[in-house]
Amino acid sequence: MSKFIEKLSILGETLKPIFSGHPIAIAGLIGFILFVFIAVFAPWIAPQNPYDLMVLDIMDGLLPPLSKLGNGTTAWLGTDAVGRDILSTVMYGLRLSLFVAFMAVAIGTSIGVVLGLLAALKGGWVESVIMRAVDLKVSFPGILLALMMLAILGTGVDKIIYALIIGVWASKARLTRSSALSEMKKEYIDAAEISGLPRWRIMLHFLLPNSIAPVLVMVPMSLSGCIGAEATLSFLGVGVPITEPSLGLLIANGNDYLLSGKWWISIFPGTVLVLLVLCINVVADRVREHNNPYLKSQDQQ
Amino acid sequence: MITYICKRLWQSCILAVIMSLIVFLGMYVVGDPVEMLAGEDWTEQDKIDLAIELGIDKPLPEQYFNFASDIVKGDFGTSFVYNRPVLDLITERLPATLEIALLAMVIGLGIGIPLGIFSGIKSNSRASKVISFFTTVGYSTPNFWQAIILIMVFAVFLQWLPASGRGLTNTMFGIEWSLLSLDGLRHMALPAVNLAIYKICMQQRLAKSGTQEILYQEYMVYARAKGISRSRIIRRHLLRNILIPIVTITGLEVGGLIAFSTVTETIFSWPGIGKLLLDSIHMVDRPVVVAYLILITLMFVFINFIVDVMYAFLDPRIRHQK
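Heads up: the protein sequence lines correspond to chains V and H, in order.
Following numbering that gives the first Met the number 0, the residues of the first sequence are numbered contiguously, the last one being 300.
Following numbering that gives the first Met the number 0, the residues of the second sequence are numbered contiguously, the last one being 321.
Heads up, some of the hints might be wrong.
Under 10 Å between C-beta atoms, here's a sample of chain V residues computed to sit facing chain H [said to hold, decoys possible]: (1) ILE4; (2) LEU7; (3) VAL237.
Coverage of chain V stretches by chain H, computed from C-beta distances (three or more under 8 Å per stretch; other residues unrestricted) [stated by the list, open to error]: (4) 48-60; (5) 117-123; (6) 196-206; (7) 266-277.
To be clear, the hints were calculated from the coordinates, so they are not data collected in a lab.
In this text, a Cβ means the ideal position worked out from N, Cα and C, and glycines have one as well.
Sequences and hints are given; from them, build the entire structure.
Rendered as structure tokens:
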């Protein structure tokens with residue numbers, strides 16, 4: 000327990016210089032933590048389970064915000080066509096959107112880091128194959144590759160995660176390689192090699208921890224990118240399945256009702272989506288700014 | 000310079016072959032077209048006949064060779080849904096996509112770069128902070144959500160601009176252009192602005208960080224110390240140096256705009272190639288999807304080639320590299 004508190008205080012020490020004196024970034028961080036909290040605990044804090052057919056009543060359909068439902072509870076944000084409480088669908092949608100994005104970023108970043116380290120350590124044809132594959136990927140916009148993947152694979156939560164991973168790994172591999180290459184010139188790696196440590200150990204215990212920092216700086220940006228891409232693909236009907244709507248699909252469902260004045264079905268999930276991405280992006284900007292040597296030296300001038 | 004261009008050209012050709020191989024393998028190996036085309040009452044013999052007709056009974060390398068040589072001959076097959084040559088379908092709709100992409104690009108560069116340079120030079124002013132905040136919001140808002148808001152505000156509430164279709168088109172060089180008629184321009188306004196918002200934000204951020212990085216370089220301090228006028232410093236020293244990252248990103252963004260136009264075109268019912276792609280994905284019209292992917296790949300390879308050449312043109316260090 001005391002070890003956990005110690006770790007927590009180390010985390011605090013790291014975050015403090017990044018965020019202190021930047022109220023917008025702090026607000027972004029707090030907002031993001033709040034969204035993650037809602038997403039994780041959605042099944043417990045949502046007013047109803049919107050996908051349990053037993054609790055739905057078609058008589059509650061298309062009610063505006065603040066209406067009373069048939070069972071006496073209040074639908075704070077209104078209901079959709081089949082009587083689902085919008086607040087609940089947004090919470091569940093947020094849960095799925097964040098899950099998909101987290102998985103894609105976590106897996107994509109891991110693949111990228113491992114490939115980048117391999118390229119730096121092995122060199123030769125391994126390096127050329129990996130780096131040419133990176134060049135290939137980077138020359139195409141992510142959304143197009145994702146559409147390509149989904150056109151081939153079909154739709155589904157797992158498929159959209161694969162499609163997003165394709166967009167994440169390459170830039171991480173490139174960055175890890177260049178940062179690992181500059182680390183490898185340092186003496187402690189020579190020392191480790193001379194003392195006869197196996198290659199994989201040098202890679203995992205020496206190179207990885209020392210070359211991962213620039214990759215971590217990119218993670219928040221990737222996360223918001225994946226959330227936006229998933230929402231876009233789901234909105235277009237090639238992302239998550241109808242039975243498990245993410246924020247993007249919720250917006251698409253409400254889109255048909257927008258013109259008839261029933262704005263709440265789309266506007267609330269859309270607002271949450273924009274706020275979520277905005278929170279992550281202001282944090283990402285701040286983290287990047289903090290790590291940019293050019294801008295830092297300017298702050299001091 | 001010539002050897003550099005030849006080297007890049009050679010690399011581009013390899014890239015094109017690899018990408019066509021990936022599309023071929025993805026589309027022709029993952030799904031079986033016979034199962035998709037076959038009717039309920041087909042016998043095994045009917046299916047084998049169809050497989051022979053489509054040429055998919057042959058070994059894989061031969062299939063790829065046939066696929067590639069058809070493409071080189073300009074034969075992309077016939078659409079299952081429209082029953083017309085795919086190439087005709089695509090070339091018919093390409094101008095619509097190109098014209099909104101170009102308009103969006105002009106708006107994006109024309110507004111984004113000046114805003115970025117301004118907020119980079121005066122990075123501590125209130126105006127610069129407001130601009131940067133708005134571009135962060137714009138950058139964070141998904142394209143399709145901006146489109147919905149634009150339709151709600153300008154087409155539904157204010158009723159200033161139409162929300163779908165291409166409007167009147169005029170013919171120039173045998174191609175229909177919305178750019179040339181007032182009604183067409185009115186129809187273009189919302190989709191083009193939708194595509195441009197992201198570009199404006201992107202360019203502002205790039206130009207701002209570029210300006211800030213360059214502003215304190217020694218040659219800038221030296222230029223100021225020499226007493227060169229402010230506007231000349233901005234034009235000759237600043238603009239030239241921030242152009243390098245901007246040209247790269249802009250080149251890639253032309254492709255990005257065309258890729259993103261799938262989203263915009265679908266929402267605004269703009270009859271371009273992006274809408275064609277999505278409709279075809281939904282209707283499992285495979286020849287159209289394959290042809291779109293191949294053509295867009297070739298286009299990207301070409302754009303990357305142009306960007307590399309431009310890059311060498313702007314940066315003498317790359318031009319003279321061995």
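Any hints this thing doesn't respect? Which numbers, in order?
Hints 1, 2, 4, 5 and 6 not satisfied by this model.
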